[in-house]
Amino acid sequence: MNIPAQGMLSLVLALACTGLTLPAGAATFRVDDGASLPRDSTALLRWRQVAPSRARDDTLEGAIAVAVRLNLSPWINQRGRLFLVLPEQGTTPLRASWVTHGRLLPGEISPGRRVLVYEGPITSPFLEDTLALQIEADGSRLPGMQRVSFYFEIDTD
Amino acid sequence: MRTTVERSSTSASTVLLVALLACSLPASAFTVNITAANPRVIYLQVGVGAFTGGNLNAGGSPAANPTVNVVSVTVPAAQVGSGTAQTMTTNSTASTSFYDGYAFCNVPGQLYIGGFYRSTTNTGAATLQATSAANLINTSGGTTIPFTEIRWTSSGNGESGAQPFPAGTFVGGTQTIGTINRNQWAESCHTFSYVNSSFVAAGTYTGRVTYTLSTP
Numbered sequence: 007m008n009i010p011a012q013g014m015l016s017l018v019l020a021l022a023c024t025g026l027t028l029p030a031g032a033a034t035f036r037v038d039d040g041a042s043l044p045r046d047s048t049a050l051l052r053w054r055q056v057a058p059s060r061a062r063d064d065t066l067e068g069a070i071a072v073a074v075r076l077n078l079s080p081w082i083n084q085r086g087r088l089f090l091v092l093p094e095q096g097t098t099p100l101r102a103s104w105v106t107h108g109r110l111l112p113g114e115i116s117p118g119r120r121v122l123v124y125e126g127p128i129t130s131p132f133l134e135d136t137l138a139l140q141i142e143a144d145g146s147r148l149p150g151m152q153r154v155s156f157y158f159e160i161d162t163d
Numbered sequence: 022m023r024t025t026v027e028r029s030s031t032s033a034s035t036v037l038l039v040a041l042l043a044c045s046l047p048a049s050a051f052t053v054n055i056t057a058a059n060p061r062v063i064y065l066q067v068g069v070g071a072f073t074g075g076n077l078n079a080g081g082s083p084a085a086n087p088t089v090n091v092v093s094v095t096v097p098a099a100q101v102g103s104g105t106a107q108t109m110t111t112n113s114t115a116s117t118s119f120y121d122g123y124a125f126c127n128v129p130g131q132l133y134i135g136g137f138y139r140s141t142t143n144t145g146a147a148t149l150q151a152t153s154a155a156n157l158i159n160t161s162g163g164t165t166i167p168f169t170e171i172r173w174t175s176s177g178n179g180e181s182g183a184q185p186f187p188a189g190t191f192v193g194g195t196q197t198i199g200t201i202n203r204n205q206w207a208e209s210c211h212t213f214s215y216v217n218s219s220f221v222a223a224g225t226y227t228g229r230v231t232y233t234l235s236t237p
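In order, the protein sequences belong to chains A and B. Counting in this note's numbering, the first sequence runs from 7 upward without gaps. Counting in this note's numbering, the second sequence runs from 22 upward without gaps.
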């Protein structure tokens, strides 16, 4: 039952790499945005209309900035389309819109959608920008703090 | 032999760590926490109130107004204790609703009572209560009139349905006047009257009613 050291290494590498897709050819990959960080820990949303109106506008709205740093090194010197993705997360209905400092495109998104934020050549290993997010949520269904998770995807040619 | 086993274990762990670092695609997501800055907001206006920036439908916002309005009646001597109800009037000038500026109440015969309740959680309606003393007291003689001698009807211009704060009679204690459902505005105009059911000594009888809007 003794396994030689070389055999162990091969086995471990094989197990660790099973199922992983390498970024080559036309495909969609999740982008490492682990260095991205919201400027504040929490976005405080306020009633768009302090008092309830006949139009029943129960919207809460607020803003938060996110410093985005995307690791694009696996796709350097390729063309790609970057998307911001907001998965369905079972939270209150919400909508987010954003403007940027120019590296990424502005846009808006709702859960279950992805929106193009960049298209073109990948010329540097990291792409940095700031998303000034404006978030609107249904104030009649926001019982407490909720976590809204975004991520980025890249489509390569 | 024992030393060899330990070294092999350490080596395997290191290989596993290196392998995972080398082969795993770095995927992550950034998370934004959202929460309501003011999950519950209430506004209550009894008599005059205050809004800044216009009415609600013009973008106005509620403000504080510490005014305590008076509802009163002077009973003619020949009518004291006759059993004929005496309609009261108020010094409140609040006739229009801050909701939209609509002329909802008629002063001086009616007292405006309205408010709203904002909440992000569905835990029930806000409750409006009134607390009155047992009696109105004659400031010059100490004689009293039970607060139960004062009642009110409820209405609003242009409305024919049930009022959120319906007609009633003070109980000389704390009582529920009505409710405001979540994320709604509610308003009524109260017309007070003194029942005048018993003969009382001459004088000025006063008492205070405090209205309290409570959220669940």
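Calculated directly from the structure, the hints in this document are not laboratory data. Glycine included, every Cβ here is placed at the ideal spot set by N, Cα and C. Any given hint could be a false lead.
[What the hints assert, rightly or not] Quick list of the computed label-pair ranges, beta carbon to beta carbon:
1) B:T231 <-> A:R153: 36 to 44 Å
2) A:G40 <-> B:N86: 30 to 38 Å
3) B:T117 <-> A:D161: 30 to 38 Å
4) B:G163 <-> A:R52: 32 to 40 Å
5) B:V91 <-> A:P99: 43 to 51 Å
[Unchecked claim] In silico negatives: residues of chain A with every beta carbon more than 12 Å from chain B:
6) D64
7) E114
8) L122
Exercise for the section: Of all the hints given earlier, name the ones this structure violates by number, lowest first. Expected result: Per hint list: 2, 3, 4 and 6 violated.
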